[in-house]
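Participant: Chains as they are written, first to last, in this note's numbering: chain A, 1 to 406; chain B, 1 to 235.
FYI, nobody ran anything at the bench for these hints, they're computed from the structure.
Since this is a predicted model, take the numbers as computed values, not measurements.
The reader is advised that the hints may include incorrect statements.
[Claimed, not checked] Capping the alpha-carbon separation at 30 Å, the derived lysine-lysine pairs in DSSO-like fashion look like this:
id, chain 1, residue 1, chain 2, residue 2
1, A, Lys241, A, Lys255
2, B, Lys178, B, Lys117
3, B, Lys231, A, Lys396
4, A, Lys94, A, Lys56
5, B, Lys7, B, Lys192
6, B, Lys85, A, Lys393
7, A, Lys396, B, Lys7
8, A, Lys241, A, Lys166
9, A, Lys166, A, Lys184
10, B, Lys99, A, Lys396
11, A, Lys20, B, Lys7
12, B, Lys99, B, Lys85
13, A, Lys56, A, Lys241
14, A, Lys67, A, Lys184
15, A, Lys396, B, Lys178
16, A, Lys309, B, Lys99
17, B, Lys99, B, Lys7
18, A, Lys309, A, Lys67
19, A, Lys20, B, Lys85
20, A, Lys393, B, Lys141
21, A, Lys255, A, Lys67
22, A, Lys393, B, Lys178
23, A, Lys396, B, Lys192
24, A, Lys197, A, Lys241
25, B, Lys192, B, Lys231
26, B, Lys85, B, Lys7
27, A, Lys217, A, Lys255
28, A, Lys56, A, Lys197
29, B, Lys141, B, Lys117
30, B, Lys141, A, Lys309
31, B, Lys141, B, Lys99
32, A, Lys309, B, Lys85
Chain by chain, the residues:
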Amino acid sequence: MKSFFWENLRIALSELWSHKTRSILTGTGIVIGIIAVSLMSTLINGVDGLFEESMKFLGRGNLYVEKWPWFGDEDWWTLRNRPRIELDMADEIKERSQYAMVVAAERGRSANLSYNELSAENIYIHGVTSNYPEVSTVDVEYGRFFTESEDRTGAQVVLLGSEVAKTLFPQGNPVDKMIFAGSKRFRVIGVLAEMGKFMGAFSNDTQVIIPLATFNKIFHGPWGRRSITVKVPEHLVEDAKEELRGVVRVLRGLKPEEKDNFAINQQNAFRQSYQGIKLAIGGTGMIITALSLLVGGIGIANIMFVSVKERTREIGVRKALGATRSQIQGQFLIEAMVITASGGLVGLIISTLISMAISEFLFPANMSFGVAFMAIALSAGVGLFAGLAPARKGAKLDPIEALRYE
Amino acid sequence: MSLIQVKDLYKIYQMGNTEVRALDGVSVSIEQNEYVSIMGPSGSGKSTLMNLLGCLDTPTSGEFFMDGTNVATMGDDELAHIRNKKIGFVFQTFNLLPKSTSLRNVELPLIYNGEIKAHERRDMAIRALTRVNLGDRVSHKPNELSGGQRQRVAVARALVNNPAIILADEPTGNLDSKTGEEIMTLFDELHKQGNTIILVTHEEHIAAHASRVVRLLDGKIAVDEATNRGKKVTQ
């Protein structure tokens, strides 16, 4: 059996070689299909990695009380007209909620920073309570975080994100230096460890952190983000969310018939909405793949019928010399599979190059061995399927008539 | 038992309402190392008989024993095996695979044999090509060979499996008379070396190479006699 396989493979390759243009045109549909499927899986894998990496910034057991929901289709004006979140609710929440382990409050807005002649523009200033490290992934690399008393008294101290530190202090330790945020002087007390980007876009390293009381003292007005983070046990997060909703409703004095005028956000919202996006990407990819493989497969079947017709006499000779039906059928099936598998291989090479480019410029997206294997198996499968009818036709030819065919 | 034993062989085609008796009760025996030519005008059943003897077709009725096995009732794949192991075909139009070298063409029956290793196949094919004096043309493709050389490659291909019979269908039909004679000399030599040869032709001087001639007419054997050459041998 082995010798037939190699013989058939040899025949297939020499046939394809002698009809180069035809083979390339025929294989193109498969190339496109395989690019679609392998690139799609690689992208989804890459985006998955990115997503999970980003989700670390939002603890699983964290509930965020905010004015704006992260996702949803509520009327923009209704949301716009909600009262802003009163950050001093944080202490009340801590007191009333049974699930809350830590309650931290934060505000944010952007401003320009400077040190001597160096400046950093549009830096996100994050005003947080001193318990913020307990609800986030911030990690102090040099120096220290601020204390509760520094927060209470509104001390003008700041922690720099790693990028900000590099910009303002290209050489040297920033700790204990004085920088300007707008017109106010701050003493640098620490530098944060590098954190990376959220969803590949928003860098967490271009922020600075100051005490919330200091923020309130300096920046008046309604702008910027306000959020209360409530950390609860991860496995009770759904119960805790209901309780928290009740607590905030009571604190805001809402009547039973009134709707919530605040949002409780959590990681899950991201997950659900991400699943939707992923399904949409995957579904589109599958449709493109299925269509191009179907069209490609029809092309292959068509060209194989032509090939069987053209080589009727050859089939006659082979049969006269003792080829059985299954040997002839095998010959044409292998030929079809060689076309599609080569198309698959080319598609795989192209999508590997594309994913390398994506990894270089956008986010990590590596072609996995499983995806590569699936792409080749899928393309060979299309060949098997498309080649079946032509191969059977060739195998069933009557040797006498085939030998007489001109 | 004879190498080929055919008894009351019928091949009947139904063409619409009319029945065409391509073979109408043919009985013939061919012995080991016989050299037989089959002659007859077109429509005499000559081709049909050759297709049946070549196991390319099955009869409507009758008995056909080849080397002791009943071939008349075999299925497609069994017939393919018989063709592969017992019969060597030489065609009028050579029927070589145009894109393959002489060596590859001659190897083909061995590949379908399925039991012969690659290096043995190569050796056997080179030996067969050497027997037809083409030992120096193994890597040539058919379009690089003359008509006579192509037919010799085809003869080498017919020989390579060491078949029980060599079945040649108008082997000189596409060759000029000089080259044709060369090919016939080659068949004469093969016959002397002990091969059984069946030659289908409509040319008397080609048929004269054989020692026996079977003449068909209207699907029946009209004459079955020794040729002059055959008579000389028996005298």
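Participant: Compare the structure with each hint and give your call.
Facilitator: Verification of the supplied hints:
| no. | hint | verdict |
| --- | --- | --- |
| 1 | A:Lys241 / A:Lys255 | holds, 19 Å |
| 2 | B:Lys178 / B:Lys117 | violated, 38 Å |
| 3 | B:Lys231 / A:Lys396 | violated, 45 Å |
| 4 | A:Lys94 / A:Lys56 | holds, 24 Å |
| 5 | B:Lys7 / B:Lys192 | holds, 28 Å |
| 6 | B:Lys85 / A:Lys393 | holds, 25 Å |
| 7 | A:Lys396 / B:Lys7 | holds, 29 Å |
| 8 | A:Lys241 / A:Lys166 | violated, 40 Å |
| 9 | A:Lys166 / A:Lys184 | holds, 21 Å |
| 10 | B:Lys99 / A:Lys396 | holds, 23 Å |
| 11 | A:Lys20 / B:Lys7 | violated, 52 Å |
| 12 | B:Lys99 / B:Lys85 | holds, 25 Å |
| 13 | A:Lys56 / A:Lys241 | holds, 19 Å |
| 14 | A:Lys67 / A:Lys184 | holds, 29 Å |
| 15 | A:Lys396 / B:Lys178 | violated, 40 Å |
| 16 | A:Lys309 / B:Lys99 | holds, 17 Å |
| 17 | B:Lys99 / B:Lys7 | violated, 41 Å |
| 18 | A:Lys309 / A:Lys67 | violated, 72 Å |
| 19 | A:Lys20 / B:Lys85 | violated, 36 Å |
| 20 | A:Lys393 / B:Lys141 | holds, 28 Å |
| 21 | A:Lys255 / A:Lys67 | holds, 18 Å |
| 22 | A:Lys393 / B:Lys178 | violated, 41 Å |
| 23 | A:Lys396 / B:Lys192 | violated, 39 Å |
| 24 | A:Lys197 / A:Lys241 | holds, 27 Å |
| 25 | B:Lys192 / B:Lys231 | holds, 16 Å |
| 26 | B:Lys85 / B:Lys7 | holds, 23 Å |
| 27 | A:Lys217 / A:Lys255 | violated, 33 Å |
| 28 | A:Lys56 / A:Lys197 | holds, 11 Å |
| 29 | B:Lys141 / B:Lys117 | holds, 23 Å |
| 30 | B:Lys141 / A:Lys309 | holds, 23 Å |
| 31 | B:Lys141 / B:Lys99 | holds, 7 Å |
| 32 | A:Lys309 / B:Lys85 | holds, 28 Å |
Consistency with the previously given hints fails for numbers 2, 3, 8, 11, 15, 17, 18, 19, 22, 23 and 27, ordered from lowest to highest.
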